[in-house]
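Chains as they are written, first to last, in this note's numbering: chain A, 1 to 221; chain B, 222 to 581.
In case anyone wonders, no lab produced these hints; they're calculated from the structure. Among these hints, one or two may not hold up.
What the hints assert, rightly or not - List of simulated lysine-lysine pairs, DSS-like, C-alpha gap at most 25 Å:
1) Lys499/B <-> Lys172/A
2) Lys138/A <-> Lys482/B
3) Lys313/B <-> Lys512/B
To be verified - From the derived model, a few chain A residues whose C-beta atoms are all more than 10 Å from chain B:
4) Ile16
5) Tyr39
6) Glu96
7) Pro133
8) Gln182
As the list claims (entries may be wrong) - To give an idea of the interface, some chain A residues facing chain B are shown, with a C-beta separation under 10 Å as derived from the structure:
9) Tyr5
10) Ile6
11) Val12
12) Gln37
13) Lys38
14) Leu49
15) Leu117
16) Thr128
17) Gly129
18) Ile132
19) Arg166
20) Pro173
21) Phe202
Note that CB positions come from ideal geometry on N, CA and C, so glycine has one too.
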Amino acid sequence: MTSIYIKGLEAVRADITNLVIKVGESGLNRARANAFQKYAEKEIAGGTLALRTISAATAFMRGDHEPINDTGELLKHIKVRGRKRKAPALKKNVIEAGYFTNSKKYPKRDEYSTTNLKINQIATLHHTGYRIPTTGEKGRKVLAYLGKHLKGFNSGESRVKASSGRQFIQVKPRPFLYKAAQRFAESGADTKAINQYVDDIFSKKYPAKGSISSADYEENM
Amino acid sequence: MFVEFENQTWTPSDASVVASVNSDFSIDNNSRKIVWTEGINQTMTITFDSVLLSDYEEISFYLSQSSVITPGDLYTITVDGEDYSFTNMVHKWNHILIDCSGIGATTTIVITSLIDDLTLFIDVLGYRRTSHNADIDVLQAVKNTISLSYGVSTTLSANAAVGATSISLNSTAYINNSSALELDDGAGTTEIVYLTNKQGALQSATVNAFSSGDTVTVLCPTVMDDYDNIEPDPICGVTVYDMQTGTDVITEHFENGAAKKVYTGSLGVCIYIDCSSKKKVLQLSREFQFKYGDCFRMLLDGEQVSVWLEESRFVDDLIGNNPRIAYYYEIEPQPYTVHKIVPITSLSLEVETVHGETIL
């Protein structure tokens, strides 16, 4: 029986094996997570997610973000977290996209910034929304703070009063990461990240150990 | 939108047919159980306020039949002179749709048993159509479904006359400055009032009179933040955080045809529990997670739909805010009808024989 030799078959086999290994090592998920991080930062800052506008008062209370229509410096702290270094509890191939570190505090910007919040706490406040009472002991402190620090007012809590019947300063949820993730999938950006990663493997950007060299690959083809 | 037939009256044709209100096996705690005992060909007639059904798309109801070992048609449901036959079904709730766009003003539906002994359950009987308020229907359905118990009650320490602008409470433990309270005189009169401070000042004067010792229950109302008073503490708020686009075409089958329908994108709904007391937030959230949590069912435009949890987040008292837990869901409103599919009920062919040929 005559054997059949298919030119380049071994190279294709090596590439597919390499692809399987790389996917199994969480490389693909990391590429997707990195793509999502860039996508989320761009979409949120660009105002394309139709997030609710922050009022001047609430933006002021959380520190002076520029511009007030997005989440300010928070965007720079969107991270990607993998298993090895940061999260031993995560499964082997799991990469967390849109992760906010829980140890870093948001720095004071100026004399009016009082927040000692951690980055992930600020992100959580955005996602859940919140209510701050304007009555009772807590409310008195809130109104006094606004009266003391709000630009344009001289001083004193008498300058700031809650309107009749309004017991809370209400901030509605702005779950920017969930919306960004939805758009990331719907827009095809996730598929594009996957395709790009596979292309990079086959273009030898991520060679497997012991695989043939690029020169050999081209010769065989 | 969905509307139940109003002022329904259930009238049997004979003593062998008995209808009763049932809450044990029901979708909305108010189903009808109809039992035929040696009642072959006897009927149950449902009459209601006249409705011009051609203004709507479908008659919708849930039907369940107790198991029988009988082949063939077991009963018929007659609407506008048209009989719809039903064979043996598994004992569970089956959603039945009848295209009513060609039916005029109607006041009756008749159910006829074709066998001696039969038991049927019917629930959520009404008519529906899709409108551009489909998202509001979703929010209203969520609001109607979620019910949480704060678990705090006390009594009035003094009488409250009609028009009272404040009430006196025996205990203010876990009562907050803007709590919603239900006053109950124990004789059938209840009234919901809203505090402006926990000492008992009210937002609005009382409509009814209550006596010292009457029960006061703290409510955790479920409210939509665009339409309802959003100030109570505690509160279970329902708010929209996203609206997505997309098209997903399905085929919906009726007893008398079918229709191509299209979903136009889901609604992102955030349900949050917010209270001054962190202990109560934890308690209410455990109740929510037990009763609704990962997946719950609700009636949306007369149809039971499943709602799945996407994410949840807890936020503590960080900047003087109330503790809160938020649950995020994606819910599809009812689909729009694209076009109807009318079944061919009869087909006749004329065959003519010509010498030496056969022509259809």
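A quick look at each hint next to the structure:
1. Our distance criterion of 25 Å between C-alpha atoms is met by Lys499/B and Lys172/A, whose separation comes to about 19 Å.
2. Among the hinted pairs, Lys138/A with Lys482/B is inconsistent with the structure: their alpha-carbon atoms are about 52 Å apart, more than 25 Å.
3. The hinted pair formed by Lys313/B and Lys512/B meets the criterion: a straight-line CA distance of about 21 Å does not exceed 25 Å.
4. Every beta carbon of chain B lies more than 10 Å from that of Ile16/A, the smallest distance being close to 34 Å; the non-interface claim holds.
5. Every CB of chain B is more than 10 Å from the CB of Tyr39/A (nearest about 16 Å), matching its label as outside the interface.
6. With a least CB separation of 13 Å from chain B, Glu96/A remains clear of the 10 Å interface cut-off, as annotated.
7. Under the 10 Å C-beta cut-off, the non-interface status given to Pro133/A relative to chain B is violated; the minimum distance is some 7 Å.
8. The Cβ of Gln182/A does not lie farther than 10 Å from every Cβ of chain B; its closest approach is about 7 Å, which violates its non-interface assignment.
9. Annotation: Tyr5/A was flagged as interfacial toward chain B, and the flag is violated, the nearest CB pair being 49 Å apart, outside 10 Å.
10. Look at Ile6/A: its Cβ only gets to about 43 Å from chain B, farther than 10 Å, so that hint breaks.
11. At a threshold of 10 Å, the smallest CB-CB gap from Val12/A to chain B is about 37 Å, leaving the interface hint violated.
12. Interface restraint check for Gln37/A: the shortest CB-CB distance to chain B comes to about 18 Å, outside 10 Å, so the restraint is violated.
13. Residue-level restraint check for Lys38/A is violated (minimum Cβ-Cβ distance to chain B is 21 Å; threshold 10 Å).
14. Contact between Leu49/A and chain B, as hinted, is supported at the beta carbon level, the nearest pair being about 9 Å apart and thus within 10 Å.
15. With 10 Å as the threshold, the beta carbon of Leu117/A comes within range of chain B, its nearest partner Cβ sitting at about 6 Å, so the hint holds.
16. Among the interface hints, the one on Thr128/A holds; its C-beta lies about 4 Å from the nearest C-beta in chain B, closer than the 10 Å criterion.
17. Look at Gly129/A: its Cβ gets to within about 7 Å of chain B, closer than 10 Å, so that hint holds up.
18. The criterion of a C-beta within 10 Å of any C-beta in chain B is met by Ile132/A, whose closest approach is roughly 5 Å, and the hint holds.
19. For Arg166/A, the interface hint holds, the least distance from its beta-carbon to any beta-carbon of chain B being 7 Å, beneath 10 Å.
20. Interface restraint check for Pro173/A: the shortest CB-CB distance to chain B comes to about 5 Å, inside 10 Å, so the restraint holds.
21. Taken as an interface hint, Phe202/A does not check out: its beta carbon lies about 32 Å from the nearest beta carbon of chain B, beyond 10 Å.
Violated hints, in rising order: 2, 7, 8, 9, 10, 11, 12, 13 and 21; the structure is consistent with all others.
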